[in-house]
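Quick note, the sequences are listed as chains A and B, same order. FYI, the numbering for the first sequence is 250 to 524, going by the numbering used here. FYI, the numbering for the second sequence is 250 to 524, going by the numbering used here.
Only true hints are included.
Straight-line Cα separation of at most 27 Å, DSS-like style, residue types lysine-lysine; simulated pairs:
1) K372(B) / K442(B)
2) K478(B) / K392(A)
3) K304(A) / K285(B)
4) K478(A) / K304(A)
5) K285(A) / K304(B)
6) K285(A) / K442(B)
7) K442(B) / K364(B)
8) K372(A) / K442(A)
9) K285(B) / K285(A)
10) K285(B) / K442(A)
11) K392(B) / K364(B)
12) K392(B) / K374(B)
13) K478(A) / K392(B)
These stretches of chain A come out as covered by chain B in the derived footprint (C-beta under 8 Å, 3 or more residues):
14) 310-320
15) 332-342
16) 389-401
17) 473-480
18) 483-497
Quick partial rundown of chain B residues pointing at chain A, CB under 7 Å, derived from the structure:
19) I292
20) A295
21) L473
Quick caveat, the hints were computed from the structure, so don't treat them as lab data. All C-beta atoms in this analysis are idealised placements derived from N, C-alpha and C, irrespective of residue type, glycine included.
Number of protein chains: 2
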Amino acid sequence: MKRSFIRYISVQVHMEEHGDTLIGALVVGNEILLGKTRDTNTIFLAENLLRRGLKLRRWVVVPDNERDISRELSRFMEDGYGIIVVSGGMGPTHDDITVRSIARGLGISLGFNEKCYRRMVEKWKRNNPGKKMPETARSGLDKMAYVPADFDLIENENGMVEGLVGVVNGGRSIVFILPGVPGEYRGIVTTRKFQDYLPRKDASSVTIIEIPFRGKESMIAACLGEVQKRFRDIDIGSYPQGPMNVVIRVTGDRENVMRAVDEIRDRLREAGFSD
Amino acid sequence: MKRSFIRYISVQVHMEEHGDTLIGALVVGNEILLGKTRDTNTIFLAENLLRRGLKLRRWVVVPDNERDISRELSRFMEDGYGIIVVSGGMGPTHDDITVRSIARGLGISLGFNEKCYRRMVEKWKRNNPGKKMPETARSGLDKMAYVPADFDLIENENGMVEGLVGVVNGGRSIVFILPGVPGEYRGIVTTRKFQDYLPRKDASSVTIIEIPFRGKESMIAACLGEVQKRFRDIDIGSYPQGPMNVVIRVTGDRENVMRAVDEIRDRLREAGFSD
Numbered sequence: 250m251k252r253s254f255i256r257y258i259s260v261q262v263h264m265e266e267h268g269d270t271l272i273g274a275l276v277v278g279n280e281i282l283l284g285k286t287r288d289t290n291t292i293f294l295a296e297n298l299l300r301r302g303l304k305l306r307r308w309v310v311v312p313d314n315e316r317d318i319s320r321e322l323s324r325f326m327e328d329g330y331g332i333i334v335v336s337g338g339m340g341p342t343h344d345d346i347t348v349r350s351i352a353r354g355l356g357i358s359l360g361f362n363e364k365c366y367r368r369m370v371e372k373w374k375r376n377n378p379g380k381k382m383p384e385t386a387r388s389g390l391d392k393m394a395y396v397p398a399d400f401d402l403i404e405n406e407n408g409m410v411e412g413l414v415g416v417v418n419g420g421r422s423i424v425f426i427l428p429g430v431p432g433e434y435r436g437i438v439t440t441r442k443f444q445d446y447l448p449r450k451d452a453s454s455v456t457i458i459e460i461p462f463r464g465k466e467s468m469i470a471a472c473l474g475e476v477q478k479r480f481r482d483i484d485i486g487s488y489p490q491g492p493m494n495v496v497i498r499v500t501g502d503r504e505n506v507m508r509a510v511d512e513i514r515d516r517l518r519e520a521g522f523s524d
Numbered sequence: 250m251k252r253s254f255i256r257y258i259s260v261q262v263h264m265e266e267h268g269d270t271l272i273g274a275l276v277v278g279n280e281i282l283l284g285k286t287r288d289t290n291t292i293f294l295a296e297n298l299l300r301r302g303l304k305l306r307r308w309v310v311v312p313d314n315e316r317d318i319s320r321e322l323s324r325f326m327e328d329g330y331g332i333i334v335v336s337g338g339m340g341p342t343h344d345d346i347t348v349r350s351i352a353r354g355l356g357i358s359l360g361f362n363e364k365c366y367r368r369m370v371e372k373w374k375r376n377n378p379g380k381k382m383p384e385t386a387r388s389g390l391d392k393m394a395y396v397p398a399d400f401d402l403i404e405n406e407n408g409m410v411e412g413l414v415g416v417v418n419g420g421r422s423i424v425f426i427l428p429g430v431p432g433e434y435r436g437i438v439t440t441r442k443f444q445d446y447l448p449r450k451d452a453s454s455v456t457i458i459e460i461p462f463r464g465k466e467s468m469i470a471a472c473l474g475e476v477q478k479r480f481r482d483i484d485i486g487s488y489p490q491g492p493m494n495v496v497i498r499v500t501g502d503r504e505n506v507m508r509a510v511d512e513i514r515d516r517l518r519e520a521g522f523s524d
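Could you build the full structure based on these sequences and the hints that come with them?
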């Protein structure tokens, strides 16, 4: 029965162990919940994290509603999340209530941030050379300059509002608040300042090996289950990619991953699947 | 200053009022959290709900981890969600733990569902005419036939595992468990049976009017804020679509929406923006 094959993916992704730092995304957006806007921001974040060996653990989308926002923020903190990336709803209009909701959720007051205001005015002048700022723009910038006390700014080169970051929850959580406009969000996520807040690489590393398998998941279910039982410290996952196409992903310390992969291969060979 | 314009979108979406039925999506998927798979299922669900005048209120993605799954399910129930659509992790492999996690979260035991097993065997035979079912396939079907006691089946025409639905939380919540494979998920969401569980249309309806605005959000922030203050029962939202392109969306009962839209138009005209 040579109907399937296994081969190793040549690229091995080395992931750092990041202790217990849980990373969560809290996305504020009626538009996303209506299916009208795709949340490509969080996908971008996840990809960026993965490149550093970090994983997003929970991703929550809520409407532009103060109670929903602050409740989910509290839950992330309650669950011990070390990094919480909040995004969306930072603009100048009345329905942009994210910053206020986060501040209330944290029990922190909003204060007028002079530096934030100055930066936004500079950007406005750069974008509108020689013009006098109309009252509508000024009151928008004014609103956006009210940020949670003790929060720091992260420069947004692609838009008006500044990114925000604060250490909260008695030093246990870092909360980012980022604009939802994709260009602005991505720009901030790739700044040195944002990246520096993420957990650092350390000596121990995690190895991931992916094994493409041509066949149905049910064909390998028993085999993978048995190997998983023998290697409790590693993760063995299987992910259907199509009707006869599954990726088996083995994640953990290098030595055990290699042994488990060998064992999976041997068992599948025994079961009649070819390489 | 004729640099912008407002026009009405001709289509008016009539939405039903759906009382207090909160609808949530709980998506189980390591692959989605890694940014490797897009959760197009929930977008499909949101679009389908919207067509019936219903809105998704919360959308949570968690890893294939029993504690994460059951905790988020509990939170949906705690928050009074009437409809909870769980998806992903229903397959035959050891890392497909969604059904078990939901059952534990609900304090319900898993039982072997004879009807479910029979249906799957029939599908298998239809897909593999004349073949004898190998042991691997049989044990996969066997595992997938263990479903929470009292849950009902929803036929999945595009895959092996059956969709599940149960009335839980003392009759206050309906929980669906659907496979994550897009074709299977979509097939089940569009079944009559799934749709029949959703809240019904009633007499009162909600009107949505969208007003495209060429300009920056800051130009209209003050105006929208003031109109919102005068019409507290409707929702006025503004959503940037690009650097000089905003959609204003007014949602509520028809009469107030029309009055608010007229007022927004008048105020923007007064402020110097053209139609």
